[in-house]
Structures are given as C-alpha cells and as structure tokens.
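Given the sequences, and given the hints that come with them, work out the whole structure.
Protein chains in written order, with the numbering used here: chain A, 1 to 216; chain B, 1001 to 1216; chain C, 2001 to 2222; chain D, 3001 to 3222.
Just so you know, the hints here were simulated from the structure itself, not pulled from any lab data. In this text the structure is predicted, and so the values were computed from the model without any measurement. Hints are supplied without guarantee of correctness; some may be wrong.
As the list claims (entries may be wrong) - Selected chain A positions facing chain C (Cβ under 8 Å, derived; list incomplete):
{"no.": "1", "residue": "G22"}
{"no.": "2", "residue": "Y24"}
{"no.": "3", "residue": "G30"}
{"no.": "4", "residue": "Q44"}
{"no.": "5", "residue": "E82"}
{"no.": "6", "residue": "G83"}
{"no.": "7", "residue": "G84"}
{"no.": "8", "residue": "C85"}
{"no.": "9", "residue": "Y86"}
{"no.": "10", "residue": "A94"}
{"no.": "11", "residue": "M95"}
{"no.": "12", "residue": "R97"}
{"no.": "13", "residue": "G98"}
{"no.": "14", "residue": "H100"}
{"no.": "15", "residue": "G140"}
{"no.": "16", "residue": "V209"}
C-beta atoms are modelled at their ideal positions from N, C-alpha and C, and glycine is treated no differently.
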Amino acid sequence: MSLPRLTTHEMAARLAADIPDGAYVNLGIGMPVIVANHVPAGRQVIYHSENGILGVGRSPEPGEDHDPDLINAAKDPVTLIEGGCYFDTAESFAMMRGGHLDLAVLGAFQVSATGDLANWATHDATYPPAVGGAMDLAVGARTVYVLMRHTTKDGTPKLLETCDLPLTGTACVSRVYTDLGVFEIDRDNASAHVIERFAGVSAHALQSVTGFKLVE
Amino acid sequence: MSLPRLTTHEMAARLAADIPDGAYVNLGIGMPVIVANHVPAGRQVIYHSENGILGVGRSPEPGEDHDPDLINAAKDPVTLIEGGCYFDTAESFAMMRGGHLDLAVLGAFQVSATGDLANWATHDATYPPAVGGAMDLAVGARTVYVLMRHTTKDGTPKLLETCDLPLTGTACVSRVYTDLGVFEIDRDNASAHVIERFAGVSAHALQSVTGFKLVE
Amino acid sequence: MIDKFWPDMAAAVADIPDGASVMIGGFGSSGIPFALIDAVCAAGPRHLTVISNNTGSGETGVSALLREGLVDKVVCSYPRSRGSVWFERLYQTNAIELELVPQGTLAERMRAAGAGLGGFFTPTGYGTALADGKETRMIDGRGHVLESPLAADYALLSAYKADPWGNLVYNTAARNFNPVMATAARCAVVEVGDRVALGTLDPEAVVSPGLFIDRVVVREQP
Amino acid sequence: MIDKFWPDMAAAVADIPDGASVMIGGFGSSGIPFALIDAVCAAGPRHLTVISNNTGSGETGVSALLREGLVDKVVCSYPRSRGSVWFERLYQTNAIELELVPQGTLAERMRAAGAGLGGFFTPTGYGTALADGKETRMIDGRGHVLESPLAADYALLSAYKADPWGNLVYNTAARNFNPVMATAARCAVVEVGDRVALGTLDPEAVVSPGLFIDRVVVREQP
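Following this line, the structure appears as structure tokens:
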C-alpha cells in the first residue's frame, strides 16, 4: 500500500505554521533545521544554537564574506541577526536545561506512546555513539516537537508502544509531525490524538503504520 | 600585665609583607581592608571583591568624580585599576569557592587550634545574624590568613582550643596575624608554630594570653 | 516585532499577587531596582517572600517594602547593614522570618534554578550552624552540604541599557545579583537607564540575553 | 609586572606529562587551539585523557593527537563528525576508551569543578543508558542523575585577544567550551590572535577574567 506522503519541505512548513510569534526555538540537526525556511512571513522567531548563539540568521551566500568561527550546531556557517548575542557552552545549556527555550524541534528514530524519545544511538556497536545536546533539549525545552518520517525506509513504524532503541529522554515529546500527519502525544493514556491527517491518508491506513493507538 | 601591642596599621603591614607578587587576594571587611595600603612597593597584587570586581583600586579622593555603582564588599566607593573587570555574583563566588583566589585575609572573633574560624555570629540572639561571603572564602580561597587582635578588649584569648562562637568554617585557617605575633596553625597537632613574636613579647607572656599550645 | 518594554513601573508590577516570592537585585546600594520597588509598595501585595542579598538601608529599596509591612519572610545573606533599621525592628519583634544563606550559596541556588538543576553539593557552610538539618556528604574527603535550587515568581532587577528584546548590559559593580536572578524567576522585570535600538548592543558583550527577560521599563531620570 | 605571555607554543606545553588529563576547547572547527595541539603532538606526551566536545576532523586538532597515538581515553559528547576518521578507526579496534557525556552535563561538570562544587543533580540523561550505574533521585517528582565535577590537569584553549594579565575575549561562536574549561583546569594555556595592552579590553566585556588563565601564547598569523 503506497500512501501519499509530504515532502521534507512540506513537513517542515507544516510544523513551522505552529511556531508562535516571538518564540525562542532550537532546531535540531538534520530535517528540523529546514523549519526556519518555512516560518510564515511576519512572525519573528529567535533561534538558539547550542554552541552559544541566540539569534542565528541565514547561511552566508556562496562567495559571501563570512566569519569562519560563526557556525551552528551542525557545524555549518551561519550569520547573526540584529539583536543576537554570544555566550559560552555552560550558559547555553543553562538556557536549554533551565526551561528558557519555548520550543525544541528534534529529529527522531522512534517516539513512544508516552512521549519517550530515541534519537541518538542505533544498535550498531562498531559505530561510535554521539549524543551532543539532544538529551539536554529533551528534558529542558518547554515544549518538544519531533519532526520525522512516519516509518523507516522499509516501512517499519517509528511511532511505537515502547522504543527499542536507546532513549534520549522519557516522557518528553509533546507532538510529532510526520509525512502523514500531526499527532499530540497523550502520555497518560499511552496514545496520541490525531491533530491532522494529511490529504489522501485514511484513518485506517494511518493506524496500520503506527505502533500505538491513535485517537481521531 | 600590659603587653606591647602593634597598632592596627602595624599589624596590617606585617601581614602585607607576606603577600606574594602577582597574587589574587580578597580582603575581608574591617581590618583586613587596610592591608592593601601596606603592600610593599613593586609588588603587584590584584584585589577581588565579592560583589563582582577583580582589580579593585584605591578609594576615590574626597570631591573626586566617581561612579556611585562602583562599591566594594564593605559598600564603600572604590575605583577599578587598569586590567580589572566586572562579573556577576554567581561567577564571583565561583572564583572564591573554586580555589582561584591565592589568598583571603579575614577578620575573626575566634580561631581554634585546628584552624576553625568563627567570624560571623555572636551569641546575641536579638541582633540579626549576617554571613555574607565569609563562609565561601573560608572554604574556597587557596590560603586563609586571619588578621585580628590577640585578645578581646577584656583580655580573653581569641585563639582557643575550640571556638565557642558559631563557626564560619572548619580547618580552614593557615595563619593568624595578631598584635602580638604571627602564628602558623598546625591542624594535625592542634597547636600553632610561632613564626614571630613581636618586640617585647616574651614566649611566656604570649602563651598566657593564648588558649592553646604554642610551639616556638 | 518583539518589544518587551512596558509603559510604566506600575503596570509592570501590577500582577504580583499576595504571597508571591520576589527576588530583588542589588548589593548594598548598587544595582537596586528602586523605582520598581516603589511601584510594588504602591501596589501593596502582602505576605511576600523577598530574596535579596541585603535588606535595604534607610527608607528606600527593600527597607520600604519592610516598612510597609508587605514582607513575611526574607531570604538573604547579609541583612545587617548600616541603616538596616526596618529589618532589625521587625526581626527583634519576631515580625519577620529570616532564612540566612551564605552569599555564594544564595547565588548558586539561583543559578541552579535558572539552569534546570535539581541541587548541588557545596563545601560552603559544612560544619556550621547554616548546615543544620541539611543533607551532607563526604566527597573526596571533604564535607559538603546539599543545597536546593531557589526560584521565584518574580525578579525585580536593575540594569544600565536594554534593547527591545530585553538584552541587557550593566554598569560596573551594579551587575551583582541581577543576571543570575533574571535566570531564576518565572517573570523577570527590569528597570533600565536607557532603551537602545536593536543591534546597538555589542553581541559579544550582552550580559543578560533577552530570553531571560520578560518586561523592561525605562527609569525616569532624576 | 604580571605578564602571562609565553614566548612560544612549545614552551607553553612542554611540561604536560604522560598520563595527564587535557581539556581542549572548541566546537566543530570553531575555537580549537590548533597551534597548541600541534605543539603537544611535537612534544609527544603519551597516555593522555582528552576532554573535548568533539574528536576532531581530518588530520588536525584532536584528530592529530589521536593519529599520533598519544590518547588513551576521550571524554566527549559528540565523537562522530564529518571526517572524524581517526577516532572511528581507534574506536572500532578498541584502541581507545570513550566516556560519552551529554553536552550540557559535560559543560556543567566542568563548571562544577571550576566553581568548587562537589556535584549536582541534573534531569539530563535520566532514564537513559548514559545514567547507567549513576546515583539517581526523584526531586519534585522528576528523575535526576547525580553528576560529579570534572577537572583536568591542563586546558588548551583558543581566544581572540588577551592582555598581559590573561584577560580574554573571544570571537563569535568560537567562545563555546573555552571559558568553562579555563575555570576547570589546574593550568589553563591559551593561544590568542592578538596581545593587547593592559587597559585595552572593556572591563564590562572581558569573558574570561585573567585569574583563570596561566599561560598565553600569540598564534602566528597564517
């Protein structure tokens, strides 16, 4: 069964639509970073980068002069917007852990029915594990949204009763934005409320690729 | 029996002679502050103030323009020397507690034979107790020197087997500079080595006004 | 556009309820939010817990809140200063509760709250009366006291300049407790000498990034 | 007069002994003390423990220390980067020990060491494999992990400008771990782009006060 799926940019745009004006936001490495390109015009969002930047701006244009020290968490060159500032890692993580960011948008391998998040380690023991700031964002941001494909490439659900990959944090995810819909995690009932099913995705088809109970 | 005693300025000068060149030093409120006026010429000492200053300079002259925000721990107006800087209280006490100050010079009500310090509270329950930064300096400075008179006004020893006033810290004092001599606390033997007896003070007279064993 | 400036002091403190915990920046007379405190006195919320290094001097600052009878409890390191007559009066008649905290522990407890930590072990106060009743532990042969994070409902702060996003810089030793309190309060209200345009403050020299700050009011020049 | 400048990189790292623990500033390619690392490679102390956010990329930075076989153990939050081939090679042959620490916990453990604290409770990592074997505690209904302070014998750091007392400022995002490592090492060695005269740095904008800094070397311009 082939489902109509949103593209990466469509997924990012759907999530971006839910970011409130004036929010302080950390966008995780990978797909979440793209969200910044899709925030509706007129909304002012201040982006935090774990390496010590508040007010991350656009990437420099090819050929544009830029400061080689000025990189984001993905180690890509960025700029600083007016009103932005710099600080050290200890203060940066105090912001993250201390509940001062309104929102973190993270990628994920798996999310459980109670909002557990697995996004840092696979079962491959020969490949070095790397955690970075993911665990701090998971526990520290006021709200954690996950942006990920609904299933793995081979069709296995990534929304599961229980994560079987190593956890990043427990009971930390509020919402999941996938290529099939938007889901509000209901921790107490170990299920999720379907906020939106995208066009052409039936309730039945959606449930069949989801590892826990969905409530419409 | 009346002993020849050093004046406050003589005591401060004696202690100042032992401050090494290039040291980072915190001088406690009261008598210790005077030490800064007696550091030998040619020695550069950088003074820390708990309220967030490194590089405290001289007091402004009467009538001289000065910044009303720029005060020291005693709440008296001061200046900043070239090379000084400002920081907040959390960082200031990280410096103090973290062993980054070479020396703290503190006043005291009592010092014990094992280097316990009592300098923040009396037995008067109607008078509000106040501790400020004394406990942090006691545990945090690399070296703690006490500058105090050898006895109370009524002649009671302030160097005692055990302090009977509330403690500021335990086993924290290295040396005591009084108006009668200089004493290195020997914590392991609950005694003190007499580094210096001032002119006209006999060993017997000194021991008679001291509450624990002195070793010449 | 984000603009955290409020039109006047009264509006910026109007929602402080009875029973609120309120951090107040400053050390001695330096970095005290005198105008915000006056506005709180005028609004008159009662049964406040005030968290501040000192308890004011004379009739202004924290002293004014004490004089007006708005404060049930003070959390403080050094309540005794030249002219701290209002605190002494209340203390001697048992009309106010005092929680005395070593100054470094006071600042660090605020930092723990602001940084999302559950508590910390400090050698400060170990073996003294200020550790009475607290959990202790030997770590690397040294006695430590477990101290808990200290948050507040509001912080009343003073800074030198702010931009519309609430980025702050301070003047000399007026910095003191203000930045750490900004991190530890659910609502950080700041009075400043000057409003400056966005982009005016050096991004390398901002002391309190605006994400810690909720409301800013320009203090009238005397 | 106090002057913490040293004549060259080699002299400034010459006393690092075999078995030393060495913090190395930087995040990705930003704020890395490349010249000091090269000097350590040339000196060749062995059995080092390196504490750094990343493990280098290509042949420079931490990668060079790994390639030279000088490192027994890495304490790190993100050892996997584009081009971190030397670390991956050693890891896959069990030729190096890895202590993986969440990035915020890594920075906070350094801060605890620098601030003289005995440890702290953090919610980060609770319920995950990185809390295995660690003491945990419920605080206000939330799980926390007890983390210990992390100090080092040396810190190798990179900054933008220093004055003779070792007061430092950084450039943009090159600040990262450098200031907190400066507080946590018994000997903090810094390479800087420029030596400036005492009194040149704005006292309001010094990021690392000189009392944290032991040795400064000017990096040669490429």
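Here is how each hint holds up against the structure:
no. : hint : result
1   : G22  : holds, 5 Å
2   : Y24  : holds, 5 Å
3   : G30  : violated, 24 Å
4   : Q44  : holds, 6 Å
5   : E82  : holds, 4 Å
6   : G83  : holds, 4 Å
7   : G84  : holds, 6 Å
8   : C85  : holds, 4 Å
9   : Y86  : holds, 6 Å
10  : A94  : holds, 4 Å
11  : M95  : holds, 6 Å
12  : R97  : holds, 3 Å
13  : G98  : holds, 4 Å
14  : H100 : holds, 5 Å
15  : G140 : holds, 5 Å
16  : V209 : violated, 36 Å
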